[in-house]
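Participant: Assemble the complex: chain F is given as a structure, and chain V must be docked to it using the hints.
The listed protein sequences derive, respectively, from chains F and V.
Residue 4 is where the first sequence starts when you use the numbering used here, and the numbers rise one by one after that.
Residue 4 is where the second sequence starts when you use the numbering used here, and the numbers rise one by one after that.
Keep in mind the hints are simulated off the structure, nothing from the lab.
All values reported here derive from a predicted model rather than from experimental measurement.
Any given hint could turn out to be false.
Copies of the same chain are indistinguishable here, so a pair counts whether it falls within one copy or spans any two.
[Stated by the list, open to error] No farther apart than 25 angstroms at their CA atoms in a straight line, the calculated lysine-lysine pairs in the DSS-like style are these: (1) 85 - 108; (2) 44 - 201; (3) 108 - 44; (4) 172 - 201; (5) 5 - 44.
Protein chains: 2
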Amino acid sequence: MKIAEPTVARLVQYHRLLERLYNEGQKVVSSQEMGELLNFKASQVRKDLSYFGEIGKRGVGYHVERLFKHIDEILSPPRQWKMALVGLGHLGTALLGYGAFKNTKFGIQALFDNDQAKVGKAYAGIPCHHIKEAPSVIRDKGIEVIILTVPAEAAQNCIDIVSQSGRIKGVLNFSPVSIVVPDTIRVYSVDISVELEKLLFYLKQNSK
Amino acid sequence: MKIAEPTVARLVQYHRLLERLYNEGQKVVSSQEMGELLNFKASQVRKDLSYFGEIGKRGVGYHVERLFKHIDEILSPPRQWKMALVGLGHLGTALLGYGAFKNTKFGIQALFDNDQAKVGKAYAGIPCHHIKEAPSVIRDKGIEVIILTVPAEAAQNCIDIVSQSGRIKGVLNFSPVSIVVPDTIRVYSVDISVELEKLLFYLKQNSK
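Just chain F, same shape as in the assembly (with noise of 0.2 angstroms):
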């Protein structure tokens, strides 16, 4: 079962929304109230959850419980993805700082950048070391998931380096710039500027 990107989007923002009416005590929500939660339609909340199966109780709603550990079972990795992290800039460095690396779904297991200064202490308990030694960090420990937090310039040369260990699976760029690698890398693009575009434009459409 193949799902697309929008949907998978919002099943990761229905997953947020029921654990948290679940740790809030609430026994039943209505798609109507997700809904509104979310900014999503009614309809559109129904039509997503009964792709998965889930058809609501009229009048009544949702088992919030029972919908909540429905979709954690789709989401959920079937183990933890050891993950590192290259580029200890801001970026890097705030990111590292973010809740959701604190969550045990995401194992850092190692940091990479070229700053000397850098190289041998530990951020936030995680080792760093230098980049040219990533790929025997990279099989020696087992990473499968790249965070990519270094400028545009040093995108392309990181990633050739971190793609000579063979065992990269995934690439979640941060980096303002396309990346070419492997057909057995999948990459991830969060691309700021695009979405400081998007949001421009939608002011643009409001004030009209």
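Facilitator: For chain V alone, kept in the frame of chain F given last:
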């Protein structure tokens, strides 16, 4: 003409690709070629562009310069929006150094923080004020857009302060939390942990 979010995201990507091709001197481009370079189906490219009245010539393609200028016109803000960045931690500092913000479309006029060590100084040539002064600085400088890069627990308070100005139209929220705003403000959130969960899900789909 209201354009749906996924279409806007693709438009932004067509725009960047066409700009690059134009700068490289390419005269025509096919939907096939654009699709391959951007990882979209050629039929999606044709559908999107025909929606804006652009029909490629069969066996030839689209005129790069004309198509670029057309999409540029659709996306361009009617004028430069004046912006302020709130929160000069690692993420705020990273964004400030980011190429995107050096683009003339994005005019960052002021920075706000609650750290007295930063207040009164300039970063990237932009003055940093105490967050308490935000309502008056926003009014004085005509700021309409906020880029929010504060920790989750500070986000709502910062938004409440800047909203007091009565002048804010849009917020680009990088804090990993939902914020409540008056109806007149459009919020666009970039949640990095959502992006990361999406990547993990794709890895799961692909490794089956």
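Participant: Each hint: holds or not?
Facilitator: How the hints compare with the structure:
Proximity of residue 85 and residue 108 under a CA criterion of 25 angstroms is satisfied intra-copy only: 9 angstroms inside one chain copy versus 39 angstroms between copies. Proximity of residue 44 and residue 201 under a CA criterion of 25 angstroms is satisfied in both settings, with 21 angstroms inside one chain copy and 21 angstroms between copies. Proximity of residue 108 and residue 44 under a CA criterion of 25 angstroms is satisfied in neither setting, with 30 angstroms inside one chain copy and 32 angstroms between copies. With identical chains, the CA atoms of residue 172 and residue 201 are at most 25 angstroms apart between copies only, with a shortest distance of 14 angstroms across copies and 29 angstroms within one.
In this assembly of identical chains, residue 5 and residue 44 lie within 25 angstroms of each other by CA distance both inside one copy and across copies; the values are 23 angstroms within and 16 angstroms between.
The structure fails hint 3 only (numbered hints given earlier).
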